[in-house]
Amino acid sequence: MAEPLFRMARAEALRIVHLDSFVAVFHRSSGLTHLLAAPAPEIMATLGEAGLTRVALAEKLVADFDLEDLDDAALAERLDELVACGLVAAA
Amino acid sequence: MRHVFSVRIGPVGFRVGSTWRTPIEQLEALYANYPRPEVPDFSVRLFPARPWRQFIRPSVTIGGDFMLPDALPLPLAQGLLAAEMGMNLQMALGQRRYLLLHASVVERDGKALLMSGISGAGKSTLSALLSARGWRFMGDEFALIDPETGLLHAFPRLVSLKNAAIDVVTNALPDARFGPLLAGTPKGDIRHLVPDASAVAAMDTPVPPALLLFPSYGFEADERLVPLSEVFVRLTQASTNYVALGERGFDALARLVKTVPARAIDYPDTDSAVKQIEKLWAAL
Amino acid sequence: MGGVVSDGWLLARVLRTPGNALGLDAAGWTALIAIARAEQIIGTLASRLDGLKLPGDVARILDDARASAAQGQVAALWEVEMARRALAPLGEAVVLLKGSAFAAAGLRAGEGRSIGDLDILVPRARIDAVEAALLAAGWEWVKPNPYDDAYYRQWMHELPPLIHRDRDRMIDVHHTILPLTARITPDAVSLLASSVAVGPGVRMLAPNDVIVHAAAHLFADGDLAGGMRNLWDVHCLVDQFGTTGLDQRAAHHGLAKEVARSLRLAAALYGDGAKLTPGDHVYLRRLTARDSWGRPTRQVTRLGFYVRSHWLRMPPSMLAKHLWTKWRAKPD
Chain B
0 MAEPLFRMAR AEALRIVHLD SFVAVFHRSS GLTHLLAAPA PEIMATLGEA GLTRVALAEK
60 LVADFDLEDL DDAALAERLD ELVACGLVAA A
Chain H
0 MRHVFSVRIG PVGFRVGSTW RTPIEQLEAL YANYPRPEVP DFSVRLFPAR PWRQFIRPSV
60 TIGGDFMLPD ALPLPLAQGL LAAEMGMNLQ MALGQRRYLL LHASVVERDG KALLMSGISG
120 AGKSTLSALL SARGWRFMGD EFALIDPETG LLHAFPRLVS LKNAAIDVVT NALPDARFGP
180 LLAGTPKGDI RHLVPDASAV AAMDTPVPPA LLLFPSYGFE ADERLVPLSE VFVRLTQAST
240 NYVALGERGF DALARLVKTV PARAIDYPDT DSAVKQIEKL WAAL
Chain E
0 MGGVVSDGWL LARVLRTPGN ALGLDAAGWT ALIAIARAEQ IIGTLASRLD GLKLPGDVAR
60 ILDDARASAA QGQVAALWEV EMARRALAPL GEAVVLLKGS AFAAAGLRAG EGRSIGDLDI
120 LVPRARIDAV EAALLAAGWE WVKPNPYDDA YYRQWMHELP PLIHRDRDRM IDVHHTILPL
180 TARITPDAVS LLASSVAVGP GVRMLAPNDV IVHAAAHLFA DGDLAGGMRN LWDVHCLVDQ
240 FGTTGLDQRA AHHGLAKEVA RSLRLAAALY GDGAKLTPGD HVYLRRLTAR DSWGRPTRQV
300 TRLGFYVRSH WLRMPPSMLA KHLWTKWRAK PD
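Protein chains in written order, with numbering that gives the first Met the number 0: chain B, 0 to 90; chain H, 0 to 283; chain E, 0 to 331.
Heads up, some of the hints might be wrong.
Label pairs and their calculated CB-CB ranges [as the list claims (entries may be wrong)]: (1) H/L71 with E/W140: 20 to 30 Å; (2) E/G115 with B/D19: 30 to 40 Å; (3) E/K142 with B/D68: 40 to 50 Å; (4) E/P160 with H/D221: 42 to 52 Å; (5) E/A196 with H/G109: 36 to 46 Å; (6) H/E246 with E/W140: 31 to 41 Å; (7) B/L69 with H/R132: 29 to 39 Å.
Here are the computed lysine to any residue pairs in the SDA-like style, where the Cα-Cα straight-line distance is at most 20 Å [what the hints assert, rightly or not]: (8) B/K59 with B/L69; (9) H/K257 with B/S20; (10) H/K257 with B/D19; (11) H/K257 with B/L69; (12) H/K257 with B/A36; (13) E/K142 with H/L67; (14) H/K278 with H/P267; (15) H/K257 with B/P40; (16) H/K110 with H/A253; (17) H/K257 with B/L34; (18) B/K59 with B/A89; (19) E/K142 with H/K274; (20) H/K274 with H/R262; (21) H/K257 with B/K59.
The hints are simulated quantities; they were obtained by calculation from the structure and are not laboratory data. Ideal Cβ placement from N, Cα and C applies to all residues, glycine included.
Isolated chain B, as found in the complex (with noise of 0.2 Å):
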């Protein structure tokens, strides 16, 4: 079975305004208002519209932002989150 993809929402399914240290979304999809703080907004953006499997996602962060180690339980959990709520696709 093939690792699944997470892609960032559809852009025109988000309207996204800078904060401060957060991140307001509106989800058309949903009606809902997210507010979001690192490390959400950097998975978002580093999946992409185009995807990434969970793997690739831990090591392009690693390299994006110069982290010295990730913790992969905490990422998934990150990633079920934002799948939950619509803010991400799981493919």
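Based on the hints, put chains H and E in the right spot on chain B.
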């Protein structure tokens, strides 16, 4: 509904129907300067829960297009309060054009000051006192923001003053018109202040917001900047229709939060508050 | 325009022929709006009047009603998606009932409709698994009360209501379309077997079954509350799907009389009229019992319907027991 009263307040028209004559007479007297709507946006009804409640220990149940199922009735002596609460309820549950924030609004030099806070923070009192100092009164309960333009539309209902604030304001505004003293309401003593003629005359002139304050009463005078995300969250909590408006609500709120400076102020008494407010305004 | 009757017929006439509204004066419009709001159908009214030249105040009020209904549909369809995700691991599709079905399928009956809770139909055999899946996905019970809970599970046609803890939206899970204690027992298995796909993992009842459900809901399952809206649904569904095979399907579910009556009443209110029985006239009186403030009127008829609806749901001996227990439990 034997007795009916209609009034337009800013962009919203109401009709109030009542089984009893007195609340309607009071409304007609206090809102005498206001225009009347053609077709009202909302209906409020004041009626007895049981037929005998019209005459025996008469009590007013608040109804209308939008109702709360467990609302407790008020004694007839507080019928005016019931009518005002009824109008608030229609706005809180039914307003879908303007983003509503629980805030008082006053205007100076073509720009609006919003004061957002829970009951008791002093928004009504402060807006009344500022109206005695050259600010135009635009409302003490709801700020109405047009999502298309970002402008504030005045919604100048009777100003609801409670307990100690009653004397403070009657002293500050000796020539103003007040409603009857309503004692022993669920929130203590209440008296309504009628907005002055210039506030009513200008109520159809919307203005852009320039300053957002979160006042807290009963503390040493202090002031702090409120970060954007905190403003955003506090305002969604202060809004009764943010979710129902969908994307328009988000746009209106995001624009307000990003373009208007926000401060939290603590104040020990209203004189101190007024000074702080006018100083912050001058520094804009 | 003098002598305008201000009750439900005012609303019916305008829904039937939107042009009928153009002669209304301010008082007429005010009454129409109040009655439409009371019948929870103002979004539909606004939809019907779209494109007509309306007085300024009215245009604004109806625009707002339409926008409100549209946003409500976005939220309702998201609930459908959330339910789909919760039940997918069970291999169960979500079979939609009522407003959510109309909106998801883009039916005429869904235009401008305001949608409340999500109503779904599941096989009785899977109801425990469905309940567990929903609880695991963040839904919780609205009211825990031991007696009411037992009553629901044993006799009612649905689980006690569930509400989602984050989104604050309710879901009603049905396993048939009438209470099990009712004298009429529709064929729930057949309802599910005949369901049609609306999208991946999302289904709704077949068109004739949708009409049968609307009729069942209106007559056997309530005190006619929301009747004008229910019959508007029937009117739109018949308009869109016709009635081929409807009689046989209704008879199969034991609801032939109810469906026939709902067709006559829908035609009388919104269509080209129908040959009405004396009973039909009583129903119409009750259905249109609103005044110009949207208040329910004709109280005597109303009480009669409430007693009837409970009688229909439970055999008299059970009814007595139910009411006795409820009366005892009521706090002073």
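Hints and how they fare:
About 27 Å separates the C-beta atoms of H/L71 and E/W140, a value consistent with the hinted range of 20 to 30 Å. For E/G115 paired with B/D19, a C-beta distance near 37 Å keeps the hint of 30 to 40 Å intact. Between E/K142 and B/D68, the C-beta spacing of about 48 Å keeps the proposed range 40 to 50 Å intact. Checked against the given bound of 42 to 52 Å, the beta carbons of E/P160 and H/D221, roughly 47 Å apart, stay inside it.
Distance hint for E/A196 and H/G109: a CB-CB separation of about 58 Å, inconsistent with the stated range 36 to 46 Å. One distance hint, 31 to 41 Å for the beta-carbon pair H/E246 and E/W140, holds here, with the actual separation near 32 Å. Between B/L69 and H/R132 the beta carbons are some 58 Å apart, a value that contradicts the proposed interval 29 to 39 Å. With a C-alpha separation of about 11 Å, the suggested pair B/K59 and B/L69 falls inside the 20 Å cut-off, and the hint holds.
Among the hinted pairs, H/K257 with B/S20 is consistent with the structure: their alpha-carbon atoms are about 13 Å apart, no more than 20 Å. With a CA separation close to 10 Å, the supplied pair H/K257 and B/D19 stays within the 20 Å bound. A threshold of 20 Å between alpha carbons decides the hint, and for H/K257 with B/L69 the separation of about 33 Å lies outside it, so the pair is violated. For the suggested pair H/K257 and B/A36, the alpha carbons sit about 17 Å apart, so the restraint of at most 20 Å is met.
This hinted pair checks out: E/K142 and H/L67 have alpha carbons roughly 19 Å apart, not beyond 20 Å. Only pairs whose Cα atoms come within 20 Å are accepted, and H/K278 paired with H/P267 is accepted, the gap being roughly 16 Å. For a cut-off of 20 Å, the pair hint linking H/K257 to B/P40 stands: about 19 Å separates their Cα positions. Restraint check for H/K110 and H/A253: the C-alpha separation of about 19 Å stays at or below 20 Å, so the hint holds.
Restraint check for H/K257 and B/L34: the C-alpha separation of about 15 Å stays at or below 20 Å, so the hint holds. Taking the CA atoms of B/K59 and B/A89, the gap is near 18 Å; set against the 20 Å cutoff, the hint holds. Between E/K142 and H/K274, the direct Cα distance comes to roughly 51 Å. Violation of the 20 Å bound is thereby established for this hinted pair. This hinted pair checks out: H/K274 and H/R262 have alpha carbons roughly 14 Å apart, not beyond 20 Å.
A threshold of 20 Å between alpha carbons decides the hint, and for H/K257 with B/K59 the separation of about 31 Å lies outside it, so the pair is violated.
Violated hints, listed in ascending order, are 5, 7, 11, 19, 21; each of the other numbered hints is respected by the structure.
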